[in-house]
Every structure is written in structure tokens, then in C-alpha cells.
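*Asks:* Work the whole structure out from these sequences, hints included.
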Amino acid sequence: MERILERYERYSYAERQLVPTEDSSQGDWNLEHAKLKARIEILQRNQRHYMGEDLDSLSMKELQNLEHQQDSALKHIRSRKNQLMNESISELKKKDKELQEQNNQLLKKVKEREKEL
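Taking UniProt numbering, the leading residue of the sequence shown gets 1, the next gets one more, and so forth.
Pairs of lysine to aspartate or glutamate residues, derived as EDC-like cross-links and limited to a Cα-Cα distance of at most 20 Å, are as follows:
1) 81 x 71
2) 61 x 71
3) 108 x 96
4) 111 x 101
5) 81 x 91
6) 108 x 98
7) 97 x 87
8) 75 x 87
9) 109 x 98
Keep in mind that the hints were calculated from the coordinates and are not lab data.
All values derive from a computational prediction rather than experimental measurement.
*Replies:* Listed below in C-alpha cells is the structure:
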């Protein structure tokens, strides 16, 4: 029973520490909202740039950086695609070998049956 009371007091105290006062809480939320809104705007602008939109505002250096980022991303994409294709080819070769072996076994059985007849 004593342990239960200790845990209750501990969690009650921790919960009180997490609940800030109303005034500071509203200010914190307003600041957090402004930060998140600015972050969203930056992300949306970057997304438009990656899609080739709104490029007029970019300098030559920024355009070169954007091109470099897209080249790098394209290399990663192609590398992953090639990896998946190679894995697929390996699996298909393995399956082909298994099917050839199965076919050879079936041919043996057919020849054995023909000999029996």
C-alpha cells in the first residue's frame, strides 16, 4: 500500500511540473506556432523549388546547389533501382535453375516410363 501511495505522489508531482501556468503556456504556444508556421513555409518553398517551380527568386549559386542536390538524389535513386533490379535478376536466375532441374527430373521420369512400356 505504501508503494502505491509513493507512486501516486511521484506521478502527481511530475504531472504538476508538466502543467505550466496559463500565461506562460499561451506565450509558449504562440511562439511555437510562429516557429512551426515559418518552418512549414520554408518546407513548402523548398518543395516548389525541387519541383522546378518558383525558380525566378533563386540566385545562380542557389540554382547550382539545387541542381547538385537533385543530381545527388537521382544518383541515389538509380543506385537503389539498380540494386533492386540485380536482386530480382538473381532471384529469377535461381528460379530458372530450379525449374530446369525440375524439368530434367521430369524428363528422366518420362524416359523411364517409356522404357517400361
